[in-house]
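Mind docking chain L on chain Z? Use the hints.
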Amino acid sequence: MREFAAAAVVVLASCAGPAWAAQQPPPNLNGSTDPTLQLTASRVAENWAPEGSAPPNPDPHDLNGVWWLGGYQYMLGPELYVMPPLKPQYVKLLEERIRKKNAGRPETDAATQCFPHGMPRIMESPYPIEIVQTDGQITFLHEVAHNLRRIYMNRPPPADWPLSFLGYSNGRWEGDTLVVETTRINDRSFIDDEGSAKSTSLKTTERFRKVDGGRRIEMTMTIDDPVTLEHPYSYKRYYYWRPDVRPMEYVCEENNRNAPVDGVTVAK
Amino acid sequence: MRRVVLGALALLALAAPAAAADLGGVWSIRDYREALRPEAGGDPPLTPAGKAAYDKNRAMAAKGDRSFDDVASACLPPGLPRLMLIDKPFEVIQKPKVVYFVHQENRLPRRVYLDEALPADPDPAFLGYSVGRWDGTTLTVRSSGFRAGTLLDDSGLPHSEALKLTETWRLADGGDTLEARFTIEDPQTFTRPWTAVAHYRKRPGLLIPEEVCAERLKTTAPRGRGR
Numbered sequence: 001m002r003e004f005a006a007a008a009v010v011v012l013a014s015c016a017g018p019a020w021a022a023q024q025p026p027p028n029l030n031g032s033t034d035p036t037l038q039l040t041a042s043r044v045a046e047n048w049a050p051e052g053s054a055p056p057n058p059d060p061h062d063l064n065g066v067w068w069l070g071g072y073q074y075m076l077g078p079e080l081y082v083m084p085p086l087k088p089q090y091v092k093l094l095e096e097r098i099r100k101k102n103a104g105r106p107e108t109d110a111a112t113q114c115f116p117h118g119m120p121r122i123m124e125s126p127y128p129i130e131i132v133q134t135d136g137q138i139t140f141l142h143e144v145a146h147n148l149r150r151i152y153m154n155r156p157p158p159a160d161w162p163l164s165f166l167g168y169s170n171g172r173w174e175g176d177t178l179v180v181e182t183t184r185i186n187d188r189s190f191i192d193d194e195g196s197a198k199s200t201s202l203k204t205t206e207r208f209r210k211v212d213g214g215r216r217i218e219m220t221m222t223i224d225d226p227v228t229l230e231h232p233y234s235y236k237r238y239y240y241w242r243p244d245v246r247p248m249e250y251v252c253e254e255n256n257r258n259a260p261v262d263g264v265t266v267a268k
Numbered sequence: 001m002r003r004v005v006l007g008a009l010a011l012l013a014l015a016a017p018a019a020a021a022d023l024g025g026v027w028s029i030r031d032y033r034e035a036l037r038p039e040a041g042g043d044p045p046l047t048p049a050g051k052a053a054y055d056k057n058r059a060m061a062a063k064g065d066r067s068f069d070d071v072a073s074a075c076l077p078p079g080l081p082r083l084m085l086i087d088k089p090f091e092v093i094q095k096p097k098v099v100y101f102v103h104q105e106n107r108l109p110r111r112v113y114l115d116e117a118l119p120a121d122p123d124p125a126f127l128g129y130s131v132g133r134w135d136g137t138t139l140t141v142r143s144s145g146f147r148a149g150t151l152l153d154d155s156g157l158p159h160s161e162a163l164k165l166t167e168t169w170r171l172a173d174g175g176d177t178l179e180a181r182f183t184i185e186d187p188q189t190f191t192r193p194w195t196a197v198a199h200y201r202k203r204p205g206l207l208i209p210e211e212v213c214a215e216r217l218k219t220t221a222p223r224g225r226g227r
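Protein chains in written order, with our numbering: chain Z, 1 to 268; chain L, 1 to 227.
Check before you lean on any hint, since a few could be wrong.
Restricting the straight-line Cα-Cα distance to at most 35 Å, the calculated cross-link-like pairs of lysine-lysine (DSBU-like) are [unchecked claim]:
(1) 95/L <-> 236/Z
(2) 97/L <-> 236/Z
(3) 202/L <-> 203/Z
(4) 203/Z <-> 95/L
Hints were generated in silico from the structure; no laboratory data involved.
One chain only, chain Z, in its complex shape (with noise of 0.2 Å):
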């Protein structure tokens, strides 16, 4: 059924296909001339349930549900291929790995060995997201690789609370937002596909508003790291409502095959 789902995305998106598609490639990094640092394709999309499909319960404070992201970026920039403010030196280790990648020789992150994305990459992908709430937490059951996100409502993390991939989720509800502040998270990971690289000073900070009668939720994520950053930076996302969908079971580990040797991913 999702392989199906998949492949009509894939006939949509190559017979309507407007600012993304095949014929148009995507662009080099910053405007760069230089082919060796040429984006991953990336789209803006819906990802609308099908016609006939339960509708959303319109409480503005009930996220419970199946979510999907619409479209996949892989930059996470403030715009399509626009990229994140990063501090020069981390522009040029942006480069490096985009250079690696195009060479066929990406660097290992984490999601290739089955780690959890880290955030905020996570929230990216295009997989299934199931909320689960209940007092005091909600849930993010993500489909791919079993990663799972637990946001304690007004609760700020232990002292001691350890650096994780995904960090420490502390949200509160402002009117019909949900404002998620994410911390401790360690330097694992990437910021985004392309290599963006983030430190443990990192802070994301989610809010999270259902519009359109409930039907998707509207995302707008807010990327702050004073060591890899110039200044914070924001994006907006669409997650849509997909009643239809059922969790699968995902188990990157079953094939794990992208084992780093010496720190570069070797696809076998």
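Leaving out everything else, chain L in the frame of chain Z:
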């Protein structure tokens, strides 16, 4: 498959659920042991083929060789009931249509879909496919669709794809204890169905950390069995 399941769910959801107990919260096993044993005493009633497979696993384990165990060697999900028996906390999240068991063990989630028929031919999965219903304050869970290759317990007790598992979950000791009975039915591995029991203690306020099994794997070779 998904559409059929959702259609069945919609029909069955019309039946009003009985009053349920609240199993929600963090729990950890109180009576952990490596080898699962029948509640009635004695040993699991293995068939000759089941005994041969178990003896082989035990002999390897005795030599320190855990290559028969995909959890230890490749971080694959433990099957059932093993996942419910390992010595790590899990969180129960109870909702009207689904009961979730969210484990510390490699962050694995397990879903039990309530008031839904067990599919006749579920897609095989490490954790199978689980449906449940409330009988008063007891949650009865039936599961099938298991993949071969997982183990019933940490000691290496095997099963086949024919495994059917029935669990009953209920609170005891005024809500401080969660009690589960596991009835294992697998005619290829056991001569008759048998039942084991486990108890869990409540862990109020415990925050479960992010556990990443793959971090302890050092090999650079492809992992897991070549399935």
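Hint by hint, here is what the structure shows:
With a CA separation close to 30 Å, the supplied pair residue 95/L and residue 236/Z stays within the 35 Å bound. Taken as a hint, the residue 97/L and residue 236/Z pair is honoured in the structure, with Cα atoms around 31 Å apart against an allowance of 35 Å. For the suggested pair residue 202/L and residue 203/Z, the alpha carbons sit about 33 Å apart, so the restraint of at most 35 Å is met. Restraint check: the Cα-Cα separation between residue 203/Z and residue 95/L comes to about 31 Å, which is no more than 35 Å; the hinted pair holds.
Hint compliance for this structure: every hint is met.
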